[in-house]
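> Residues per chain are reported as follows:
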Amino acid sequence: MGESIMPQLKKAAKKSLKARENELAKTNKQLEILNGGLFADGELPFFKDKISEIGQFPLRPKPLEILQINVGYMCNQVCEHCHVDAGPDRKEIMTRETMKQCLEVIRNTGAHTLDLTGGAPEMNPDFRWFVEEAAKAGIQDFIVRSNLTIIRANKKYHDLPEFFKKHNVHVVSSMPHYTKGKTDKQRGDGVFDKSIKALQELNAVGYGLPDSPLRLDLVYNPSGAFLPSDQGALEKDFKKALKEDFNIDFHNLFAITNLPISRFLDYLIASDNYEDYMYALVDAYNPAAVANVMCTNTISVSWDGWLYDCDFNQMLGLKVASKVKHIKDYNEDILNDRNIVISQHCYGCTAGAGSSCQGSVA
Amino acid sequence: MADTYYNPADLRKFSKITEWSEELGTKFFDYYGKVFEEGALSAREKSLIALAVSHVVKCPYCIDAYTKDGLQRGVTKEEMMEAVHVGAAIESGATLVHGVQMMNKYNKLSM
Chain A
1 MGESIMPQLK
11 KAAKKSLKAR
21 ENELAKTNKQ
31 LEILNGGLFA
41 DGELPFFKDK
51 ISEIGQFPLR
61 PKPLEILQIN
71 VGYMCNQVCE
81 HCHVDAGPDR
91 KEIMTRETMK
101 QCLEVIRNTG
111 AHTLDLTGGA
121 PEMNPDFRWF
131 VEEAAKAGIQ
141 DFIVRSNLTI
151 IRANKKYHDL
161 PEFFKKHNVH
171 VVSSMPHYTK
181 GKTDKQRGDG
191 VFDKSIKALQ
201 ELNAVGYGLP
211 DSPLRLDLVY
221 NPSGAFLPSD
231 QGALEKDFKK
241 ALKEDFNIDF
251 HNLFAITNLP
261 ISRFLDYLIA
271 SDNYEDYMYA
281 LVDAYNPAAV
291 ANVMCTNTIS
301 VSWDGWLYDC
311 DFNQMLGLKV
321 ASKVKHIKDY
331 NEDILNDRNI
341 VISQHCYGCT
351 AGAGSSCQGS
361 VA
Chain B
363 MADTYYNPAD
373 LRKFSKITEW
383 SEELGTKFFD
393 YYGKVFEEGA
403 LSAREKSLIA
413 LAVSHVVKCP
423 YCIDAYTKDG
433 LQRGVTKEEM
443 MEAVHVGAAI
453 ESGATLVHGV
463 QMMNKYNKLS
473 M
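Top to bottom, those sequences are chains A and B. Going by this note's numbering, the residue at position 339 of the first sequence is 339; the numbering climbs one at a time, nothing skipped. Count along the second sequence from 1, add 362, and you get the number used in this note's numbering.
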C-alpha cells in the first residue's frame, strides 16, 4: 500500500504544498478535515468532549516555561512529514524588527527556555545576530532546532557547531532513524550521510559527549503512518547503533508523534491511512498526558510576530484566544489568562506517553 | 454483513469480544498484555517473535498489528523479513521432518 505510492509522493515532495498550490496548504481546508469526517459522523469523539470527561475543558495554561520562536519557514529540506510545510520555496522570514520585539520579551519573560525553530532557523539572514543578542538575556536553556544537514549545506554554515558552542546553545536535531533507508525516505536522498557527518562535527567540538554541558538531543519522528513507541527503548537503540556504526554520542532522544496537519495530513490522505491513523491516535489517548501537553507551558511566536498556543496551532492559523495576539503587545499575565485553542489534531499530543517538542510528557 | 471473511476494521473491535464473555475476555487481555511486557526478553524481541508466529498461523490481523508494532519500535524491514523466514523455516522444517516418518514407513513396508 504505502510502498506503491511512494515514488509519486517523493517526486511531489520536492516543493511545499503551498508552492504546489495544493488545497491542503490552506488552513481552513485542514481544519475542515479535522473537524469533519470521522468526528462529525460520531465515529470518534471530539477532543473537546474527551478532555471534558476529566474536567480539563477548557484547557488552561500553567505558568509560562517555554518561549518558542519560529524565525521563518524557509528550509533546505522538504521532508514528507513536515507540519510547517517548510522548504526552499517558502519566503516567510522573521525580520530584524520583529526579532527586536522578541528580544524585548526574552529579556523580561518568566520562561526558563527559549526555543528557536523554523524551517531551518539558520537560513534567516539575521539568525546569528538574533542568537548573539538573545544569549545575552541569560535564559537558562537556549535551544536551536537544527536539521543537521544545514551545517553541511553550504560553506557559510560549516562553522555552526563552533557558533553554537560559543553561545552555549542547546542543539536539538531531527533524526528519524539510525539507518540510512528510513531516514532518506522521510527526509530526502543524502540526508542520512550529511546528518551523520554533522553529528560527528558537533561531537568534535564537544556536543553530546557524556557529561558535556553542551547539550545535543535528537528528535525522532516516525517515518510513516504509525505512532512512536517507548521513548526510552528507542533512545537505547539509537545510542547503541549510532555509537557502534558511527562513533556518535548524544544526550537524549525525544520521540515526537506526527500530528495530522499539513504535509503529514497530505501523506495520510494520499496513502489512504488517514482514518486508521486517527483511530490509532484516539485509541492511544492517555488522560494522564493532558495535564502536561506543551501548550499549557509554551507560547509559540510566528515569523510575523503572531502568538499561538503551539507550533501546530501556528501552522493551522489558530491564534491565541487572548486580547494579546501579537508580540508587540506581549503581556505574560494577560496571555496566561486564556483558554487554549484545540481541535482534533491535539490527539497527537495526548497519545500514549504524550508528545511535545521536548518528547514524551506522561 | 461484510462479503469477505476478513475486514481490516474488525481489528479495532478486537476488545469487544469481552462484551460477550467478560471474565474470559478480561483474563485473556490481561494475560496478553502481561506477555508482551518487557521481561527477560525485550518488548522489541517479543514483537519480532509475534510477527513470525503471525505468519505461521496466517492471521492477517496479527500481521497488520505486528508490522505496525515493529515500525513503532524502530524494527527495520530486514529484521522483519528475517523473522518471517524464521517462521517459514520452522514451518517447512516441520513438514520435512515428517519425511523421516515417510522413510521409516517406506522401509518397513518394503522388502
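Hints listed in this document are in silico derivations from the structure and should not be mistaken for laboratory results. Be a bit skeptical, because a hint or two may be false.
To be verified - Reference listing, derived: stretches of chain B covered by chain A, where coverage requires no fewer than 3 residues with Cβ under 8 Å from a Cβ of chain A:
| id | region |
| --- | --- |
| 1 | 385-394 |
| 2 | 404-413 |
Stated by the list, open to error - Calculated lysine to any residue pairs in the SDA-like style (CA-CA distance at most 25 Å, straight line):
| id | chain 1 | residue 1 | chain 2 | residue 2 |
| --- | --- | --- | --- | --- |
| 3 | A | Lys182 | B | Lys375 |
| 4 | A | Lys239 | B | Ile425 |
| 5 | B | Lys375 | A | Lys239 |
| 6 | A | Lys182 | B | Asp426 |
| 7 | B | Lys430 | A | Leu103 |
Ideal Cβ positions, reconstructed from N, Cα and C, are used throughout, including at glycine.
> Now, for every hint given, state plainly whether the structure supports it.
Comparing the hints with the structure gives:
With 0 residues having a beta carbon nearer than 8 Å to a beta carbon of chain A, the region 385-394 of chain B misses the requirement of three or more and the stated coverage is violated. Here the region 404-413 of chain B counts 3 residues with a CB under 8 Å from a CB of chain A, which clears the bar of 3, and the coverage holds. The hinted pair formed by Lys182 (chain A) and Lys375 (chain B) fails the criterion: a straight-line CA distance of about 31 Å is larger than 25 Å. A C-alpha spacing of about 29 Å is found between Lys239 (chain A) and Ile425 (chain B), which places the hinted pair above 25 Å, so the restraint is violated.
About 37 Å separates the Cα atoms of Lys375 (chain B) and Lys239 (chain A), which puts this hinted pair outside 25 Å; it is violated. Proximity of Lys182 (chain A) to Asp426 (chain B) is assessed by CA-CA distance (about 19 Å); at most 25 Å being required, the pair is judged to hold. Using a Cα cut-off of 25 Å, the hinted pair Lys430 (chain B) and Leu103 (chain A) is violated, with the two alpha carbons roughly 45 Å apart.
When held up to the earlier numbered hints, the structure conflicts with 1, 3, 4, 5, 7 and fits the remainder.
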